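Asker: Below, each chain spelled out in residue letters.
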Amino acid sequence: MMQSVMPLILLPIAAAIITFLVRKSSTLAALIAAGAPAALAVFALSNNLSNPFVLLGRVMILTTGDRLAIVFIFLSASATFLGIWRTSPRWTYYPVALVALSAVAAALGARQINATVIGGRPFDAFQYSALFMTIAVALTIFPLQGGRPGVAGGTLRYMTLTVLALPAFLAAAWTLDLYSQSPDATALAQASIVLMLLGSVLLLGGVPFHSWLSAISSESPPLSSAFVLGIINVGAWFLLLDFAHEIKVFGTDPLTFTALRVVGITTALIGGLLALAQSDFGRLMGYAVLADIGVALTVFSIHTDAGFTAALIVVIVRTFGLGLMSMGLALTRQKYADDKFDTLTGLAWRMPWAAVALIVGGFSLAGIPPFAGFAGRWAALQQVAYTDLGTALALLLSTIGVAIGTLRGLQSILKPIASADRQPFRTPRLTILLLGGALALSVIVGLFPDLISPAIRQMVTAYLGQ
Amino acid sequence: MIGLLIAAGLVVILVNWRLLILALGVQYLLLGLMLTRAVPLELAAVKALVGIIICPVLYITARRVKWGHLDEDEETEEEKPRSRLSWLISPGLPMRLIVTLLGVVLSLSLALRNPLPIAGDQITSRDLTIGIFSLLLLGLLNAALNENPLKTGLGVLTMLAGFELFYTVIEPTLTIVGLLGLTNLIIALAISYLTTAWATHPHEVQL
Numbered sequence: 001m002m003q004s005v006m007p008l009i010l011l012p013i014a015a016a017i018i019t020f021l022v023r024k025s026s027t028l029a030a031l032i033a034a035g036a037p038a039a040l041a042v043f044a045l046s047n048n049l050s051n052p053f054v055l056l057g058r059v060m061i062l063t064t065g066d067r068l069a070i071v072f073i074f075l076s077a078s079a080t081f082l083g084i085w086r087t088s089p090r091w092t093y094y095p096v097a098l099v100a101l102s103a104v105a106a107a108l109g110a111r112q113i114n115a116t117v118i119g120g121r122p123f124d125a126f127q128y129s130a131l132f133m134t135i136a137v138a139l140t141i142f143p144l145q146g147g148r149p150g151v152a153g154g155t156l157r158y159m160t161l162t163v164l165a166l167p168a169f170l171a172a173a174w175t176l177d178l179y180s181q182s183p184d185a186t187a188l189a190q191a192s193i194v195l196m197l198l199g200s201v202l203l204l205g206g207v208p209f210h211s212w213l214s215a216i217s218s219e220s221p222p223l224s225s226a227f228v229l230g231i232i233n234v235g236a237w238f239l240l241l242d243f244a245h246e247i248k249v250f251g252t253d254p255l256t257f258t259a260l261r262v263v264g265i266t267t268a269l270i271g272g273l274l275a276l277a278q279s280d281f282g283r284l285m286g287y288a289v290l291a292d293i294g295v296a297l298t299v300f301s302i303h304t305d306a307g308f309t310a311a312l313i314v315v316i317v318r319t320f321g322l323g324l325m326s327m328g329l330a331l332t333r334q335k336y337a338d339d340k341f342d343t344l345t346g347l348a349w350r351m352p353w354a355a356v357a358l359i360v361g362g363f364s365l366a367g368i369p370p371f372a373g374f375a376g377r378w379a380a381l382q383q384v385a386y387t388d389l390g391t392a393l394a395l396l397l398s399t400i401g402v403a404i405g406t407l408r409g410l411q412s413i414l415k416p417i418a419s420a421d422r423q424p425f426r427t428p429r430l431t432i433l434l435l436g437g438a439l440a441l442s443v444i445v446g447l448f449p450d451l452i453s454p455a456i457r458q459m460v461t462a463y464l465g466q
Numbered sequence: 467m468i469g470l471l472i473a474a475g476l477v478v479i480l481v482n483w484r485l486l487i488l489a490l491g492v493q494y495l496l497l498g499l500m501l502t503r504a505v506p507l508e509l510a511a512v513k514a515l516v517g518i519i520i521c522p523v524l525y526i527t528a529r530r531v532k533w534g535h536l537d538e539d540e541e542t543e544e545e546k547p548r549s550r551l552s553w554l555i556s557p558g559l560p561m562r563l564i565v566t567l568l569g570v571v572l573s574l575s576l577a578l579r580n581p582l583p584i585a586g587d588q589i590t591s592r593d594l595t596i597g598i599f600s601l602l603l604l605g606l607l608n609a610a611l612n613e614n615p616l617k618t619g620l621g622v623l624t625m626l627a628g629f630e631l632f633y634t635v636i637e638p639t640l641t642i643v644g645l646l647g648l649t650n651l652i653i654a655l656a657i658s659y660l661t662t663a664w665a666t667h668p669h670e671v672q673l
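Chains as they are written, first to last, in the numbering used here: chain D, 1 to 466; chain C, 467 to 673.
Looking at chain C on its own, in the form it has when it is part of the complex (with noise of 0.2 Å):
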């Protein structure tokens, strides 16, 4: 759970497309495993198989984007001397790391007092909860915080990935586990379609 937490937080504070997707992977995984908690391992899988797809979908738009650098950015940071860290540390980065833990804060302390009665024990409930609950939030921040098509879709899909852990629990019929993942691949193909669509500078395109 902690580590579930831990990515989710990762996909709202870093920048970097290389680490926010495969922050996205590992958080795909780790919601595959919580649900092992509470659903058949075969559900449980499924979810995991639809992270797994829609990561490299949204990793093969990136490449063909060059990452988000737009080569206007290159030419600006050229002239500007690079730290190390510059990579990870970007600016907002201060401000995105406060807005995390208040988030997860925040849903640490709605998820304790009142954990949904989802699961048979309590302990599975509270942990489900908690899950639910920070990446709702988490995705809700990181759709509102950015503007970026990339970022703000893997809000969107964050969201939906909390949603889904609910509601997995509670209505585990492979019909509807299977359609909210093609409702998944679909977004994701979208956010795909929009990020090229956004990095696109029109001067590349023919009229």
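The shape of chain D in the complex, shown without the other chains (with noise of 0.2 Å):
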């Protein structure tokens, strides 16, 4: 039993119900809340777990690839706990959270052993996947929303869009299953195509679907949007992974990767130029997500291993980023009362740590070097530019809208202030700590991505070897 994909699915509920017991206790909640994806990250790394287990009546086997995966979500969800700890003593959704941590673990794990045993129905384990993730969803809307009164448009935006997925996921199995019985019929594989393809980008957020990334942005706790971002929205990125590599009939047509390429250039393009275009640290961070994830569609779509790989870059370092541009969000909204560049006018002399935060997080998802984005923005260029100039200028396009933006908020938070508001806020050594340790895991991630890369390369060969 311990050496499958249960403990995964199983102890972070149990770590929810301890959390939500101690919950008087913000510091020893938080600091479980953390330990316990860490802990259970380091018992997936260091076992297979690739025994079949039963849950609902089902077998579900973890592969190797969606194990790695599942260990980098836990990883994130832990390093974002840490700075919710940090950085809004106020957040109460522990077990929430914890608990959509379980389910997504539960959407990559649940696997079937043989496709054929299960009297020639083999996309059984989709339909799990599908509703395990849209569960996740669902329970994330708790932690976004966030308990800000009259406030609930973003969350209700990404509710509607995320949910609708499901209905997609599910005809797309169904359409999938009529044409496992019927293989001459070709428009239900083009059905079951557009359907999965229809579900991933809503689930992913990809334009025209983008209108919640903005809003839950500059609406909700920086860090719960973090957490849909960085690790909900990264779940969904490896199921895509998962359904291009086992559902042969979307993994193989070029229908699929032709309406990825279009959907990811378009989503890069906006999400740029709606970056360059704000005057709002939260809507900014939004938007240069939008970005990155056109950017990962885009090379996604290239359809080659090496697309893969650097897909995958893009949106792992996306974490290093969003982390720190949410912590500094964070941290200036626990003083000031918006994000406007004019509000956070002369950030830099007040609060330092949070400044330097915010610009070093829209540069490292703008993709400047020497930060952690860069690392997948020129693995992505890389992909692109000896074979296609035309989407090679838009990806740049769109990591100079956001480069832009950030520049802008850059501006407004260095311009001088007089001396006498120039006291500054007093940041604590722990948050500043972990601050610095965010600052310099991205720097160092930026200048040699070496250090990661071949854990991603493994990842991919797991996934496609498998």
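Please keep in mind that the hints were generated in silico from the structure rather than gathered at the bench.
The model shown is predicted, which means the values in this text are computed figures rather than measured ones.
For each residue, glycine too, the CB sits at the ideal point set by N, CA and C.
Be aware that one or more of the hints could be misleading.
To be verified - These stretches of chain D come out as covered by chain C in the derived footprint (C-beta under 8 Å, 3 or more residues): (1) 50 to 62; (2) 136 to 142; (3) 313 to 327.
As the list claims (entries may be wrong) - Every beta carbon over 12 Å from chain C, so not counted as near; a handful from chain D, in silico: (4) A39; (5) Q145; (6) D177; (7) P369; (8) Q382; (9) D450.
With the hints as a guide, dock the two chains, each given alone in a separate frame, to form the complex.
Answerer: In structure tokens form, the structure reads like this:
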């Protein structure tokens, strides 16, 4: 039992119960919430966990690729919880977030040992993945709203658009099932591909279903947004990789990759252009992530091992920029009414650490050297530059858009203020330590991308070589 | 089936939260009843039961937030003379009525032309297809036309109900039905949470 996916599904739920019981001590709850996924990630890294596990009457098996994906997601969740502990003392959603984490693990672990055993129904596991992912999405609505009175628009949009992915995926499973019984009916294959594409774009937040991204980034508690954009969204990416590999019709048809390419380029361009026009750090973060999603989709659509690797590097290094920027936002929201550039004029003099986190986070999301995001953009540009100059130019424009948006913010926060107002707000040492660690990691990954790329290549090989 | 269409239509047309939740409850009951034509009784009962659990959750929330009547609304409403039917007829009613009728006609036309081959006999397939298309379309309209979390949420739940009418027939396994039910319940709780937040004035909270 312990050598299966079971601990990764059930132990976060156990941790959720404990954090609920100790909720009055926010430090203890945060440390348990951060410690449990970190310990499980180490456990998953050092064990194969490939034994079968029966959940709800279905046999589930964890593949190597999904195991490594869960390790990354759990480590990111642990870092996010630490960030929440230091920046948002009134955040009380650890139990819900841990159960959502368990649902993501179940979504990625919902694989059958041998599809043909299940009465010729090879798409059973796929339905379970979609259902568990939707449960994870629905659970994150609570921390995303965050108990802020009178504010619900962004979270409502997120719920409406991402929940719509479930019918699309389940209908795709049905048409695939029909297609497996009548392989000559190519219309069924086409319908299933369209439905899967629709579900994937809805879940990932690609254009035209992107309106929730900027809305939650400006409305919701920053680290709750980071949880959704850096963990749930990344989980959805791994699910897409699973689908592309396991469902041959979807993973081999040129329609899939042409459509993903069009959506990817449009998303990257719109994200970059809208980021350029923002005058608010929260919305800037949302559009920077949108541009990042577009870049990842574009290189994913190249449909080569190197393309998949580049897409995963983009998705994984996003966590650094997103984490830093959301921590910076969380710190500034403790002292300022909103995230507008005008409101944060002179921030560098009063909250230097928050200012550095915002700017480095923004530049990292834009893919500017020497920060972590550069590793992803460089890998992406390498894939498209020699084959498609137009696409390379589009990706470059999206990078420039996010970078200019961040520079406009930098201009405001560096503006000199009257010396009487220069009295800095105190930032606790532990928070500085955490921010400093995240900044150092971002620079190290940006300067030495080879530190993470072999692990990502191993992940892609595990996915594609299964 | 006609009852289901009327209930789904009322969820789009009405704005009174009491009636909306009642219409949703009736919609779930009729959906369960319709499902008995194609799936075992216990599965249809699970579907109806999930709906019956969702309605009190939403009812309690709506009651807690004074049925969506914010204090400011009450102040402005007091100045206007109110007609006897003002609780039922509200601004935008003709538009919602037209949109609903168009939605029903469109789904009827689509369903009659392309009935989904999901049940044993043709008549059941046709009726189920009408129910599926109507719920999906009316749910989508309701979610798209409104900004308040309760109405939008009811749209999302109606859409999911329409999809489940289809999916329970083609995949009548208790595990899938159970997981879909759990998803519905979590979404209902989320709607409830968002509605409470939306209806709470910032000044009511001590900062």
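Asker: Against this structure, judge whether each hint is valid.
Answerer: Hints, verified against the model:
1. 50 to 62: holds (count 3)
2. 136 to 142: As far as the region 136 to 142 of chain D goes, the hint holds, because 4 residues have Cβ atoms under 8 Å from chain C.
3. 313 to 327: violated (count 0)
4. A39: At roughly 27 Å from the nearest Cβ of chain C, A39/D sits farther out than 12 Å, so the non-interface label holds.
5. Q145: Violated, because the least Cβ-Cβ distance between Q145/D and chain C comes to about 5 Å, which does not exceed 12 Å.
6. D177: D177/D not clear of chain C: closest Cβ-Cβ about 8 Å, inside 12 Å.
7. P369: It holds; P369/D is separated from chain C by about 41 Å at its closest Cβ, greater than 12 Å.
8. Q382: Since the minimum Cβ distance to chain C is about 41 Å, Q382/D lies beyond 12 Å and the statement holds.
9. D450: Consistent with the label, D450/D stays out of reach of chain C, its closest Cβ about 42 Å off (over 12 Å).
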